[in-house]
Structures are given as structure tokens and as C-alpha cells.
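If you want the building blocks of each chain, they are given just below.
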Amino acid sequence: MSRFKLASSALALALMVSPAARAATDAELAEIREQIRQLKEQYEARIQALEQRLKDAEARSGAAGATQPAQAPPAAAQAPAAQPAAAPPVASAPAASGIAAFNPAISAVLQGVYSNYSQDPNQYAIAGFVPSGDIVPSKRSFSLAESELTLTANVDDKFYGNLTFSLSPENTVEVEEAYGLYTAAPYGLAPKFGRFLSSIGYLNDQHQHAWDFFDSPLVYQAFLGGQYQNNGLQLKWVAPTETYVEFGGEIGSGEAFPGNDRNKNGIGDGNVYVHFGGDVGPSNSWRAGLSYLQTAAANRDFTQIDLAGNDAALSFSGRSQLAIADFVWKWAPYGNAMETNFKLQSEYFWRREHGDLTFDANGALGLTQTGNYRSNQSGFYVQGVWQFIPQWRVGGRYDWLDPGSVDYGANNIYLANGSFHPQRSAVMLDWTPSEFSRFRIQFQQAKLKPDFTDNELFVQYILTLGAHGAHKF
Amino acid sequence: MTTILRLIIGAVALALAGPALAALNVFATVPEWGALAEELGGDKVKVYVATNALQDPHHVEAKPSLIARARSADLVVATGAELEIGWLPLVTQQAGNPAIQPGKPGYFEAAAYVTLLEKPTRLDRAEGDVHPGGNPHIQTDPRNIAKVAAPLSERLAQLDPPNAAYYRERQKAFSERWSAAIAKWEKEATPLKGAQIVVQHKAFTYLEVWLGLNEIAALEPKPGVEPTTAHLADVLALLQRQPAKIVIRAAYQSGRASEWIAERAKINVVVLPFTVGGDEQAKDLYGLFDDTIARLLKGVS
Chain A
1 MSRFKLASSA LALALMVSPA ARAATDAELA EIREQIRQLK EQYEARIQAL
51 EQRLKDAEAR SGAAGATQPA QAPPAAAQAP AAQPAAAPPV ASAPAASGIA
101 AFNPAISAVL QGVYSNYSQD PNQYAIAGFV PSGDIVPSKR SFSLAESELT
151 LTANVDDKFY GNLTFSLSPE NTVEVEEAYG LYTAAPYGLA PKFGRFLSSI
201 GYLNDQHQHA WDFFDSPLVY QAFLGGQYQN NGLQLKWVAP TETYVEFGGE
251 IGSGEAFPGN DRNKNGIGDG NVYVHFGGDV GPSNSWRAGL SYLQTAAANR
301 DFTQIDLAGN DAALSFSGRS QLAIADFVWK WAPYGNAMET NFKLQSEYFW
351 RREHGDLTFD ANGALGLTQT GNYRSNQSGF YVQGVWQFIP QWRVGGRYDW
401 LDPGSVDYGA NNIYLANGSF HPQRSAVMLD WTPSEFSRFR IQFQQAKLKP
451 DFTDNELFVQ YILTLGAHGA HKF
Chain B
1 MTTILRLIIG AVALALAGPA LAALNVFATV PEWGALAEEL GGDKVKVYVA
51 TNALQDPHHV EAKPSLIARA RSADLVVATG AELEIGWLPL VTQQAGNPAI
101 QPGKPGYFEA AAYVTLLEKP TRLDRAEGDV HPGGNPHIQT DPRNIAKVAA
151 PLSERLAQLD PPNAAYYRER QKAFSERWSA AIAKWEKEAT PLKGAQIVVQ
201 HKAFTYLEVW LGLNEIAALE PKPGVEPTTA HLADVLALLQ RQPAKIVIRA
251 AYQSGRASEW IAERAKINVV VLPFTVGGDE QAKDLYGLFD DTIARLLKGV
301 S
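Top to bottom, those sequences are chains A and B. Following my numbering, the numbering of the first sequence begins with 1 at its first residue and continues without gaps. Following my numbering, the numbering of the second sequence begins with 1 at its first residue and continues without gaps.
Treat the hints with care, since some could be wrong.
Just so you have them, the derived chain A footprint on chain B, three or more residues with Cβ under 8 Å [stated by the list, open to error]:
1) 26-36
2) 53-65
3) 92-100
4) 274-287
List time: in silico EDC-like cross-link candidates among lysine to aspartate or glutamate, alpha-carbon distance up to 16 Å [as the list claims (entries may be wrong)]:
5) B:Lys-245 - B:Asp-290
6) A:Lys-343 - A:Asp-279
7) B:Lys-222 - A:Glu-435
8) A:Lys-449 - A:Asp-402
9) B:Lys-104 - A:Asp-157
10) B:Lys-298 - B:Glu-169
11) A:Lys-343 - A:Asp-402
12) B:Lys-187 - B:Glu-280
13) A:Lys-472 - A:Asp-212
14) B:Lys-104 - A:Asp-212
15) B:Lys-46 - A:Glu-242
16) A:Lys-139 - A:Glu-170
Take a look, some chain B residues computed to stay more than 12 Å from chain A by CB distance [as the list claims (entries may be wrong)]:
17) Glu-84
18) Arg-155
19) Asn-214
20) Leu-236
21) Arg-295
Rather than coming from a laboratory, the hints here were simulated on the basis of the structure. Being a predicted model, the structure only gives us computed values, none of them experimental. Every residue gets a Cβ at the ideal spot worked out from N, C-alpha and C, and that includes glycine.
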């Protein structure tokens with residue numbers, strides 16, 4: 001881990017030592033010039049606007065007198081009230097008063113779902129895979145899904161801040177993202193710090209309401225416990241080339257599954273990734289990426305049924321390595337996605353864990369022993385979404401997991417290596433009346449355990465209000 | 001091994017030096033500003049246009065290719081007035097290019113130099129896709145292009161001082177040629193004055209003001225909201241009382257609604273290029289208005 005420490009201090013240093021000081025005088029001068037220029041323009045625009053208003057007013061008084069004598073009194077009464085609202089100052093942002101002028105942009109996402117599970121959601125588990133946390137998509141019947149509240153703004157001339165709360169249906173508030181972005185970094189570097197959704201894979205850094213299906217793919221549920229959230233530092237660099245090439249890396253606390261909180265100084269996890277992308281003709285665009293995450297766990301506790309049929313408490317300590325390959329291809333005729341478009345997306349996950357596993361960690365069976373542990377597991381999903389007419393899309397998704405090989409070392413006498421391949425098939429239909437609302441119906445059949453076929457139905461709504469969000473590719 | 005290393009170093013050096021050595025890199029969000037930047041910048045600028053005329057400018061995705069181009073851009077020329085709100089902030093933020101952030105000289109918004117019309121009195125999404133600053137489709141009036149040309153030329157000069165004189169000269173030449181062209185178009189368009197029209201989307205407000213067209217209805221019940229049968233029936237009823245000559249739509253829009261109404265109201269559909277590249281004839285800014293006027297004249301005759 002000393003290598004990590006070195007890397008982190010170097011990164012921290014790089015963040016601090018920016019060329020801000022060097023460029024100060026020139027930049028300041030340029031800025032003052034720019035401000036003066038803008039002032040001039042604003043005044044010109046205002047004078048023009050005033051002239052226009054005068055003309056309009058003249059035209060209006062003429063017209064009102066000539067054509068609508070009967071309505072004259074109410075129109076006259078309305079005029080003074082309506083006029084100031086109709087013509088606010090031109091070419092400058094409507095100036096909010098005083099303190100409110102610097103309020104951050106606020107947006108909220110409201111979500112709810114009706115769910116139907118043919119099997120008990122409390123029995124939801126993925127056979128052959130270490131439980132990754134609470135991964136059941138929703139409760140039965142009507143429930144709220146995750147609501148979200150986001151505040152964003154430029155902090156000053158160097159930083160941009162984002163705060164995203166996630167409000168759970170169980171009335172808990174979670175800080176989903178809270179990060180600063182250093183916007184003045186040189187050489188195309190984009191350093192981010194705080195808590196953020198890691199940019200590994202494709203879907204990971206997209207918020208749940210932006211997904212094309214109600215729940216996350218099985219690989220995300222099995223290998224990352226849903227989504228990988230990092231507390232730490234991120235550095236991205238986009239190459240100045242015509243083809244999109246982005247390199248990125250993150251270091252953090254490593255608290256999120258498959259790691260855990262280890263009460264340890266220094267760096268808990270690290271990841272690197274590269275993304276490529278581009279266009280093929282005016283109608284096709286694509287993005288592909290490779291990511292690698294390394295983290296560790298200490299006494300990561302879970303329960304598994306042993307060969308004797310008992311619930312055995314297990315505890316893992318060791319290293320966890322995850323590699324992801326992702327690919328997205330989008331088609332829209334001449335780039336116009338309004339009428340019809342198609343999106344194909346797939347990700348492949350591969351995870352290796354090795355370390356020590358303690359069997360019967362709580363001593364309930366009186367058989368406590370620690371042995372070597374080594375696992376090699378993988379999985380993928382592939383999904384396609386087709387907008388066949390404006391506002392309407394259909395989609396299909398297939399998930400597949402390979403339990404691979406798990407070697408329990410000395411504990412092989414108590415624990416079995418699974419051979420069942422969990423899989424799931426989903427279809428969905430959604431309606432998007434505007435950019436800010438979407439309704440979806442999704443049906444899926446999940447075979448996550450032997451002799452356990454769950455038919456699941458979701459009817460979901462997503463409403464977005466407030467500041468206009470941007471759509472990630 | 002050393003050969004590979006040399007190759008890598010060479011490639012990286014090329015990648016880094018390439019854009020720096022070339023002309024001023026201009027990233028235009030829509031074709032009209034790309035065309036204008038080319039008119040003003042000549043061979044001193046290298047223009048990349050992020051969208052084409054067949055794309056709905058309100059709905060563009062922050063594609064990887066756009067981020068890559070924004071990374072090495074020296075100047076972003078956008079319409080502003082929130083036309084690009086759905087994608088440009090994401091592109092400029094992800095590109096890691098401090099020079100093109102809003103507020104910097106490398107970020108230019110055309111709408112700041114034009115008096116915007118249709119400023120909404122009620123800022124509410126129930127009114128559809130409303131833009132708080134006003135209607136952003138300013139390029140449909142050539143006088144607006146002229147208003148944008150002067151500050152854009154100044155911006156090019158500011159970013160590329162060694163060529164400042166070159167830009168000013170080109171701007172002067174453009175301005176003269178453009179004024180002459182406007183006079184010609186206005187003369188040609190005299191028969192259009194007062195013509196009653198229906199539009200699909202409220203995208204032609206500035207064109208209407210310029211040519212004195214009289215918009216009596218829009219097929220979209222609210223800006224950005226797909227035409228509904230109920231609303232189309234209302235428009236049809238209105239057209240029976242108050243006949244219009246033509247129904248206008250932009251090249252990027254679906255023809256269903258306009259053809260439906262045209263067939264029933266017995267009026268002509270006019271598909272306007274809307275921006276440079278919208279059809280065969282609209283190859284540049286001059287072609288755009290030549291063709292727009294020609295199509296309108298053909299439609300009303």
C-alpha cells in the first residue's frame with residue numbers, strides 16, 4: 001500500500017500546485033477587459049430593448065384604441081400589471097433579488113413503483129455469490145422508489161460543487177454524491193474529490209433514474225452491491241485527439257462492497273479505467289471501456305449454508321479484484337433521436353478474490369477454523385432499447401452469472417462450490433411524454449437460485465423537476 | 001522495445017502538438033454558427049460543427065465524439081438562450097478544457113447579442129419546452145446573423161491576436177456582402193408580406209418578424225410538445241375560419257402533423273432548411289436564405 005500512499009500524495013500535490021499563480025496577472029487583465037466589454041454590450045442591448053418597448057407600447061395603444069373599444073377599460077386596467085412582467089431586461093439573466101441570486105441549481109427526481117413478485121422478496125439471493133448487501137429492487141405492492149435531490153453550482157472561479165441526496169422509501173436520507181470538481185486544472189485534467197459514483201464500467205456513474213430498466217443488471221448486484229460509490233479522489237484526463245480517449249483513476253476509502261470499512265489509515269481502494277468513443281457516419285456513435293478495481297475486505301461477514309445444511313457464519317479477509325469491459329452503441333437516423341433510435345449496451349464483469357476465510361466465525365457450530373480462500377467469478381448482461389415511435393421505447397435485457405470456481409482451502413470439508421448459473425430475462429416498455437417524465441412497465445423472469453423462478457413485474461414512474469439536467473451518453 | 005517506445009512517444013507528441021499548431025479550433029454547436037465562423041475566420045480557423053441540420057437542436061446527446069472535439073477547442077460558439085442546455089454543459093465539463101467554460105473568452109453565446117423575442121411571461125414547464133431567455137431560434141432572421149457576426153469576429157481577434165486584422169477585414173467584407181444580400185432577399189420576399197402561415201414548432205418567429213409573415217397557429221400545442229389529434233383538430237377548425245397559405249416545418253421535424261393539416265386544410269407544406277445543410281441548396285448562409293425565400297415564395301404562389 002506504500003505505493004498507493006506515494007501516488008496519493010503526488011496526486012494531492014498536483015491538485016494544489018496549479019498554474020493559477022503564474023497566470024494571475026494576464027488572466028486578470030483579460031477578465032477585466034471581458035467584463036468591460038460585457039458591460040458595454042449589456043447597455044447597448046438594454047437601450048435596444050427600451051426602444052423596442054417604446055415601439056411596442058405605441059403600437060399597442062394605437063391598436064387597442066382602434067379595434068377593441070368595448071374592451072378598453074379592462075385592457076387598460078391590466079396593462080400596467082402585465083407590462084413589467086412581459087418585458088424584463090434583455091440579454092442579461094433575470095436578476096434574482098439579493099441573496100437568492102447565488103442559489104445553486106436545484107433538481108429533484110420523484111419515483112414510485114408498483115411491484116409484483118411471485119416469490120418472497122425476503123428470500124432474494126444470488127446462488128453461489130457472496131451476498132453484497134440489500135439488492136432487492138423494491139417491496140411488494142405500491143412503494144416509493146428512490147427519490148433524489150440535487151444541488152449544483154460553481155463554487156468560485158476554480159471549483160464546482162454537486163450534492164445529491166437520495167431519499168429512500170424507508171424515510172432515510174443518504175448522501176449519494178457530494179463532490180467538488182476542480183475546474184481550472186491545466187492539461188485537460190479533471191480532478192474530483194469527495195463522494196461520487198465511481199466511473200468504472202458504463203452504468204455505474206449513472207443515477208438510477210437514468211437507467212433503461214427499473215433495476216440494475218445482475219452483475220452490478222452480485223459484484224458491486226448495486227453501484228460502486230467511492231469516497232476519495234478521482235482524476236480524469238481526456239486526450240486531445242479526434243477520437244475520444246479518456247483515462248481515469250480513483251483512490252478512496254474502499255468502504256463499499258466488495259471492500260468494507262477496515263478502520264485503517266491510508267488508501268483503501270484504487271481503480272483505473274480507459275474509455276474510447278467516436279462516431280461511425282452521422283447515424284452511429286459508440287463508447288467502449290475497460291476498468292480495473294482493486295480493493296480489500298477485513299472480516300467481511302456473511303452467512304452461507306454449509307454441507308451439513310446449517311447456516312454457517314463466514315468471515316473473509318483479503319483482496320478483491322474486479323475487471324469490467326463495457327460497450328455501448330447508439331443508432332439514430334442522421335443523429336436525430338426524436339423519431340426513432342436504438343441503443344445496444346453490454347458489460348462483462350470478472351472478479352477474483354483471495355485471502356483467508358474463517359468458517360463458523362461466531363463459533364455457533366463449534367467448528368471455527370480459518371483456511372485459504374480463492375474465487376474466480378464472472379458474468380455479463382446485454383440489453384437493447386429501441387424507440388419505435390416518438391416517446392415510446394421497448395427494451396430487452398439478458399443477465400447471466402458464472403459462479404466459476406471457489407476454493408475454500410481447508411474449509412472445503414464444510415463448504416461446497418456451486419455450479420448453478422443465475423440468470424434473468426427482462427422486457428420493458430416505456431413512455432416518455434417529455435424530457436421530464438417517464439412511465440415504464442417491466443416484466444422479468446429471474447432464476448437466481450436452483451428451483452427458484454421468480455416472475456417480477458414493475459410499473460414505475462420517474463418525474464424530474466427543477467433545473468434542466470443534462471443527458472449523459 | 002525501444003522502437004515501440006519511440007513510436008509511443010512520437011504518437012503522444014503528435015497528438016499533443018497537432019491541434020496546437022493548427023488554426024484556431026472552433027467548436028460550433030449548430031451549423032449556422034459553424035458557417036458564420038468559417039465566413040469570418042477563413043483559413044485561420046478550423047471549424048467543427050457538433051450537430052447537423054437534420055438533428056433536433058433541443059435534443060442532442062453529449063456523445064464521446066463531442067467531448068473529444070471540445071477538449072481541443074479554442075472557442076465554443078453556441079446559440080445560448082438555453083437551446084443547448086441538455087448537452088453542452090456536460091460536454092464542456094467533461095472535456096477538461098478550462099478555456100471554453102462559460103464566462104471565459106473561449107465561450108461565445110450568439111443570443112447575447114440579439115434581442116430575443118417571446119420571452120415567456122410565465123416560467124413553468126406546464127407551458128412546454130419554454131426558454132427563460134426567449135425564443136432561441138434567432139438564425140432565421142439574417143439581420144440577427146449580422147448582429148452576431150461583429151462580436152464573433154471580435155472574439156476571434158481576441159483569441160488569435162496575430163490574425164486580428166485578418167478577422168476584421170473579413171468581417172467588414174462579410175458585413176457589406178451580407179447587407180446587400182439582405183436587401184436582395186427583402187425585395188424578393190415582398191409578396192410574402194402579411195401572408196398567413198401555420199408553423200409546426202415555434203421555430204420561425206424571427207423569420208416572421210423579418211418578412212412580415214403572420215403566424216396564426218402552431219401545430220405543437222405547446223413548444224416542444226408533440227402535436228396531438230385534439231389540437232390539430234382545433235387548428236383545422238381555426239383554418240376554416242381564417243385560411244392560411246402554408247404550413248411551415250423545419251427539415252429535422254417529422255412531416256406527419258404538417259401533412260395531415262395540409263391535406264385537410266388544402267394548403268401547401270413548406271419544408272424550410274432551418275439551418276445550413278438543411279437541404280441541397282442551403283450549402284452556406286447565403287444558400288440558406290436564398291432557398292428559404294424561394295421555398296416560401298413557391299409555397300404561397
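Against the structure, the hints come out as follows:
1. Judged by the Cβ-Cβ criterion of 8 Å, the region 26-36 of chain B is not covered by chain A as claimed, because only 0 of its residues qualify and three are needed.
2. Chain A is given as covering the region 53-65 of chain B, and this holds because 10 residues of the stretch bring a CB closer than 8 Å to a CB of that chain, at least three being needed.
3. Figure legend: the region 92-100 of chain B, annotated as covered by chain A; annotation consistent (6 residues with Cβ-Cβ distances under 8 Å, at least 3 required).
4. For the region 274-287 of chain B, the stated coverage by chain A is not satisfied: 0 residues place a CB nearer than 8 Å to a CB of that chain, which falls below the threshold of 3.
5. Restraint check: the Cα-Cα separation between B:Lys-245 and B:Asp-290 comes to about 20 Å, which exceeds 16 Å; the hinted pair is violated.
6. The suggested pairing of A:Lys-343 with A:Asp-279 holds, with an alpha-carbon distance near 14 Å, which does not exceed 16 Å.
7. A distance of roughly 14 Å separates the Cα atoms of B:Lys-222 and A:Glu-435; the hinted pair therefore holds under the 16 Å criterion.
8. Under the criterion of a C-alpha separation no larger than 16 Å, the hint pairing A:Lys-449 with A:Asp-402 is consistent with the structure, at around 12 Å.
9. For the suggested pair B:Lys-104 and A:Asp-157, the alpha carbons sit about 11 Å apart, so the restraint of at most 16 Å is met.
10. Simply put, B:Lys-298 and B:Glu-169 have alpha-carbon atoms about 37 Å apart, too far for the 16 Å limit, and the pair is violated.
11. Simply put, A:Lys-343 and A:Asp-402 have alpha-carbon atoms about 25 Å apart, too far for the 16 Å limit, and the pair is violated.
12. Straight-line distance between C-alpha atoms of B:Lys-187 and B:Glu-280 comes to about 24 Å, which puts the hinted pair past the 16 Å bound.
13. Distance hint between A:Lys-472 and A:Asp-212 is fulfilled; the C-alpha atoms sit about 13 Å from each other, no more than 16 Å.
14. With a C-alpha separation of about 36 Å, the suggested pairing of B:Lys-104 with A:Asp-212 is violated against the 16 Å cut-off.
15. The hinted pair formed by B:Lys-46 and A:Glu-242 meets the criterion: a straight-line CA distance of about 13 Å does not exceed 16 Å.
16. Distance restraint check for A:Lys-139 and A:Glu-170: the Cα-Cα separation of roughly 10 Å lies within the 16 Å cut-off, and the hinted pair is therefore satisfied.
17. For B:Glu-84, the condition that its CB be more than 12 Å from all CB atoms of chain A is violated, with the nearest at approximately 10 Å.
18. With a cut of 12 Å on Cβ distances, B:Arg-155 falls inside the contact zone with chain A, its closest approach being about 9 Å.
19. For B:Asn-214, the requirement that its beta carbon stay farther than 12 Å from each beta carbon of chain A is met, with the minimum near 14 Å.
20. No beta-carbon of chain A is positioned within 12 Å of the beta-carbon of B:Leu-236; the least distance is around 21 Å.
21. No beta-carbon of chain A is positioned within 12 Å of the beta-carbon of B:Arg-295; the least distance is around 20 Å.
Consistency with the previously given hints fails for numbers 1, 4, 5, 10, 11, 12, 14, 17, 18, ordered from lowest to highest.
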